[in-house]
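Enquirer: One letter stands for each residue in the lines below.
Number of protein chains: 2
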Amino acid sequence: MNERMDDTYFMQVAIEEARLALEEDEVPVGAVLVKDNKIIARSHNSCEQLNDPTAHAEILAIREASRMLNNHRLIDTTLYVTLEPCPMCAGAIVWARIKELVYGALDPKSGACRSITNLVQHPALNHRVEIREGIFTRECARMLSGFFREKRSRQGG
Amino acid sequence: MNERMDDTYFMQVAIEEARLALEEDEVPVGAVLVKDNKIIARSHNSCEQLNDPTAHAEILAIREASRMLNNHRLIDTTLYVTLEPCPMCAGAIVWARIKELVYGALDPKSGACRSITNLVQHPALNHRVEIREGIFTRECARMLSGFFREKRSRQGG
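These protein sequence lines map, in sequence, to chains U and E.
At position 115 of the first sequence the residue is numbered 115 (our numbering), and the sequence of numbers has no breaks.
At position 95 of the second sequence the residue is numbered 95 (our numbering), and the sequence of numbers has no breaks.
Please note: incorrect hints may appear among the correct ones.
Identical chains share a label here; the pair holds if one copy fits it or two copies do between them.
Keeping only pairs whose Cα atoms sit at most 30 Å apart, straight-line, the calculated DSBU-like set for lysine-lysine is [unchecked claim]:
#	residue 1	residue 2
1	38	151
2	99	151
3	99	38
4	99	109
5	151	109
Just so you know, the hints here were simulated from the structure itself, not pulled from any lab data.
Build out the structure end to end from the sequences listed, making use of the hints.
Expert: Quick look at the structure:
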């Protein structure tokens, strides 16, 4: 498989995870962690269910992969996530020494890889992450805007 | 008790937590979450033991308090932590809607409340945290510098 096919496949798995979040009435964000072309963790946002403000898809995937690899550094891994990571997740990505980050939709309100700041390539921090953007951007964004539109209409009704 | 006495007492508990981290050969950082003048969670950095890069003192305290309160928003709480929070923890503090943050030592390398950036009062994010600084600054910093000095000398020897 070439790199492009990998990105497409793994992002589709992340989108499947986001759909699971949607079914559970969670903000639909999914993440997949990949090492040596194999999925080592997959997860979706579960803040409401777990009563845990840190239970974003990325944090759950990082925690699962660290447990699995018995190592809190996830060297040579790629994280696929349907939404640009927030400051908390961007910070966790740096601490975990993740090599590459591939995200779908931009998050203009709290994205911390480009939108409001860039923490995964911050000059002061001791690790910098390679970023690939633009994969299934519209699909990922559509799922999120649909979720919030429905939520608003329920609250209004 | 006046506010100043509270700060002193709760920061001393956070320092006790940092000492527990030190005994476990973890980076000595401790945190205490307080609501209505009572401690609702206390924790210390446990990244090595838990094989979890997200297991900073602040994240563990937020997760514990959210479980305890059955709510992923920690309204009207104060977080005491011996070190200026990093980007990951600063992000989590904002998501948890923590009201006040009191920290001991500054972290010039990765502090995200003043040193390399200020995420807990970021104009783009939808919650801003009040900060109090300067409580047991030297004690907190001394514990950290001692830990890293000892670690370096062990590695060199």
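Enquirer: Against the earlier hints, flag every one the structure doesn't satisfy and list their numbers going up.
Expert: Hint 1 is the one this structure does not satisfy, whereas the remaining hints hold.
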